[in-house]
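Engineer: Chains as they are written, first to last, in the working numbering: chain A, 1 to 255; chain B, 1 to 255.
You may find that some hints are simply not true.
No copy labels: a pair is met if it fits in one copy or bridges any two.
In silico DSSO-like pairs for lysine-lysine, Cα to Cα no more than 30 Å straight-line [to be verified]:
hint, residue 1, residue 2
1, Lys201, Lys16
2, Lys195, Lys16
3, Lys175, Lys20
4, Lys252, Lys2
5, Lys252, Lys175
6, Lys175, Lys65
7, Lys150, Lys65
8, Lys97, Lys232
9, Lys252, Lys201
10, Lys21, Lys253
11, Lys17, Lys252
12, Lys65, Lys232
13, Lys97, Lys17
Because the hints were derived from the structure by calculation, they are not lab data.
What follows is the residue order along each chain.
Protein chains: 2
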Amino acid sequence: MKTIHSTQNSFVKQLKKLHKKKYRDQMSQFLIEGPHLFAEALSAGQVMPYLLVEEDKLQTFQPPKDSEVIICSEDVIRTLSQTESPQGIIAVCHILKPPMTDILQSNCSLALLDDIQDPGNLGTLIRTAEVLGMTAVVLGKHCADMYNSKAVRATQGALFHLPVIRDDLNGLVNKLAQANVPIFATAMDGLPLEKVQIERKYAVVFGNEGRGIDEHLLSAANERISIPMAGKTESLNVTVAAGIVMYGLQAKKNG
Amino acid sequence: MKTIHSTQNSFVKQLKKLHKKKYRDQMSQFLIEGPHLFAEALSAGQVMPYLLVEEDKLQTFQPPKDSEVIICSEDVIRTLSQTESPQGIIAVCHILKPPMTDILQSNCSLALLDDIQDPGNLGTLIRTAEVLGMTAVVLGKHCADMYNSKAVRATQGALFHLPVIRDDLNGLVNKLAQANVPIFATAMDGLPLEKVQIERKYAVVFGNEGRGIDEHLLSAANERISIPMAGKTESLNVTVAAGIVMYGLQAKKNG
Numbered sequence: 001m002k003t004i005h006s007t008q009n010s011f012v013k014q015l016k017k018l019h020k021k022k023y024r025d026q027m028s029q030f031l032i033e034g035p036h037l038f039a040e041a042l043s044a045g046q047v048m049p050y051l052l053v054e055e056d057k058l059q060t061f062q063p064p065k066d067s068e069v070i071i072c073s074e075d076v077i078r079t080l081s082q083t084e085s086p087q088g089i090i091a092v093c094h095i096l097k098p099p100m101t102d103i104l105q106s107n108c109s110l111a112l113l114d115d116i117q118d119p120g121n122l123g124t125l126i127r128t129a130e131v132l133g134m135t136a137v138v139l140g141k142h143c144a145d146m147y148n149s150k151a152v153r154a155t156q157g158a159l160f161h162l163p164v165i166r167d168d169l170n171g172l173v174n175k176l177a178q179a180n181v182p183i184f185a186t187a188m189d190g191l192p193l194e195k196v197q198i199e200r201k202y203a204v205v206f207g208n209e210g211r212g213i214d215e216h217l218l219s220a221a222n223e224r225i226s227i228p229m230a231g232k233t234e235s236l237n238v239t240v241a242a243g244i245v246m247y248g249l250q251a252k253k254n255g
Numbered sequence: 001m002k003t004i005h006s007t008q009n010s011f012v013k014q015l016k017k018l019h020k021k022k023y024r025d026q027m028s029q030f031l032i033e034g035p036h037l038f039a040e041a042l043s044a045g046q047v048m049p050y051l052l053v054e055e056d057k058l059q060t061f062q063p064p065k066d067s068e069v070i071i072c073s074e075d076v077i078r079t080l081s082q083t084e085s086p087q088g089i090i091a092v093c094h095i096l097k098p099p100m101t102d103i104l105q106s107n108c109s110l111a112l113l114d115d116i117q118d119p120g121n122l123g124t125l126i127r128t129a130e131v132l133g134m135t136a137v138v139l140g141k142h143c144a145d146m147y148n149s150k151a152v153r154a155t156q157g158a159l160f161h162l163p164v165i166r167d168d169l170n171g172l173v174n175k176l177a178q179a180n181v182p183i184f185a186t187a188m189d190g191l192p193l194e195k196v197q198i199e200r201k202y203a204v205v206f207g208n209e210g211r212g213i214d215e216h217l218l219s220a221a222n223e224r225i226s227i228p229m230a231g232k233t234e235s236l237n238v239t240v241a242a243g244i245v246m247y248g249l250q251a252k253k254n255g
């Protein structure tokens with residue numbers, strides 16, 4: 001089994017580049033950290049070409065067959081880690097690009113994220129969508145990168161369990177309209193969530209943390225929906241609002 | 001009008017102590033930053049003994065009558081600020097302690113937070129509770145401090161618009177039982193949220209980010225409720241889960 005003890009090792013330097021989006025895109029790879037994310041990736045059949053593990057942690061993991069396991073010093077793990085308390089295991093994962101055609105299936109529930117800027121919010125939105133049984137998440141071109149380490153951590157592994165696709169949302173809403181998939185958008189002046197009627201399939205758009213949903217997307221929506229606001233505070237955090245809306249729509253679809 | 005230009009000024013040093021919980025408790029004061037939080041505090045009639053403003057921002061604010069306005073240099077504001085981009089205004093607010101008796105009114109909807117550790121989560125929970133029309137939030141004794149700057153920012157000012165009380169939750173659930181206020185707790189094995197029957201008044205407990213709700217509190221609950229989990233990811237972020245549950249319960253209460 002290969003071992004790496006130096007943080008100056010050329011392979012380590014190469015992997016460290018994956019901290020940056022530019023190199024993640026170039027190499028079509030990203031890093032995950034810790035036993036929980038590793039277990040989630042493994043259970044989803046995620047391809048992980050390399051597994052970097054501290055020697056004393058080795059027996060606690062069952063590496064996938066196709067992974068090359070590399071024993072690393074604590075220093076090497078720390079240099080590759082982007083958390084304050086590295087947990088002794090880092091895996092290199094392939095970025096997969098699920099085809100768009102697959103998500104327009106008959107009973108789809110799609111979450112369209114327009115320009116979510118905070119990686120933590122993005123990860124939490126993906127986690128919430130997966131838990132609530134959405135069929136896919138589509139990220140608009142201005143959204144933060146889902147392979148950013150904060151985003152990956154916030155997904156809690158959900159990114160391995162549902163398709164997350166990057167696409168042009170303006171083009172997508174046209175395709176959805178052609179496929180008779182109704183599009184909901186959240187807005188202050190919409191129909192109260194409790195009153196929304198739902199079909200077997202739908203898409204729902206969530207907007208930027210500050211500016212909300214792009215005007216063009218909003219006008220493409222078949223129905224604007226809103227969460228009744230009973231207090232004096234102007235708005236909900238985007239992840240909370242999206243959680244409530246996806247819960248409400250999924251409950252109606254399945255109820 | 002008083003002016004302070006030196007970060008070494010003794011009053012500035014005194015105020016800087018409010019970055020720490022120990023001194024906030026001792027002085028019964030906390031700091032808020034920026035025009036949005038200031039406007040929310042003002043609209044709620046919050047007592048603000050001191051208002052520290054950069055000179056060029058002065059005309060953009062209407063100070064409350066009882067506040068002493070102090071013109072400060074950018075350096076002074078920066079030394080008192082706990083954000084990366086200070087916005088030229090900092091106010092000293094009094095910590096108020098709403099009496100517990102007031103919250104046990106006939107139509108109360110209470111959110112009980114047991115041991116929420118992350119200040120951002122705590123603030124977001126308070127914001128969500130206020131937006132969804134909860135009547136009060138009660139923080140268990142192990143919860144993070146709501147006057148921590150991150151928590152205050154995450155409330156988006158909601159902390160000024162509803163009572164937030166710190167109390168012993170084990171004692172409180174006994175009082176609630178005596179007052180015939182049904183208590184709900186979120187748990188994995190509970191009744192699906194859609195099926196919950198709701199009276200005019202209720203309390204709902206949300207637990208620690210990792211460990212969930214304390215066993216004693218859980219056993220004191222009249223009903224365990226859960227959000228249907230359709231995916232493979234184990235759980236929702238606590239702020240998202242609490243948002244969904246409070247939305248679901250409030251919709252039933254008001255619907």
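Engineer: If a hint holds in the structure, say so; if it doesn't, say that too.
Structural biologist: Right, here's what the structure says about each hint:
Taking the closest pair of Cα atoms, Lys201 and Lys16 never come within 30 Å of each other, the shortest separation being 42 Å inside a single copy and 54 Å across copies. Taking identical chains as interchangeable, the C-alpha atoms of Lys195 and Lys16 are never at most 30 Å apart, the minima being 50 Å within one chain and 49 Å between chains. Taking the shortest Cα distances, Lys175 and Lys20 never come within 30 Å of each other, neither inside one copy (32 Å) nor across copies (54 Å). In this assembly of identical chains, the alpha carbons of Lys252 and Lys2 never lie at most 30 Å apart, being 53 Å within a copy and 60 Å across copies at closest.
In this assembly of identical chains, Lys252 and Lys175 lie within 30 Å of each other by CA distance solely inside one copy; the values are 24 Å within and 36 Å between copies. Taking CA atoms no more than 30 Å apart as the test, Lys175 paired with Lys65 passes in neither setting, with 40 Å inside one copy and 58 Å between copies. In this assembly of identical chains, Lys150 and Lys65 lie within 30 Å of each other by CA distance solely inside one copy; the values are 28 Å within and 44 Å between copies. Proximity of Lys97 to Lys232 under the C-alpha cut-off of 30 Å is restricted to the inter-copy arrangement: shortest distance 20 Å between copies versus 43 Å within a copy.
Proximity of Lys252 and Lys201 under a CA criterion of 30 Å is satisfied in both settings, with 11 Å inside one chain copy and 25 Å between copies. Taking the shortest Cα distances, Lys21 and Lys253 never come within 30 Å of each other, neither inside one copy (37 Å) nor across copies (47 Å). Proximity of Lys17 and Lys252 under a CA criterion of 30 Å is satisfied in neither setting, with 45 Å inside one chain copy and 51 Å between copies. Taking identical chains as interchangeable, the C-alpha atoms of Lys65 and Lys232 lie at most 30 Å apart only when they sit on different chains, with a minimum of 23 Å there against 56 Å within one chain.
In this assembly of identical chains, Lys97 and Lys17 lie within 30 Å of each other by CA distance solely inside one copy; the values are 21 Å within and 51 Å between copies.
When the structure is compared with the earlier hints, violations turn up for hints 1, 2, 3, 4, 6, 10, 11 and for no others.
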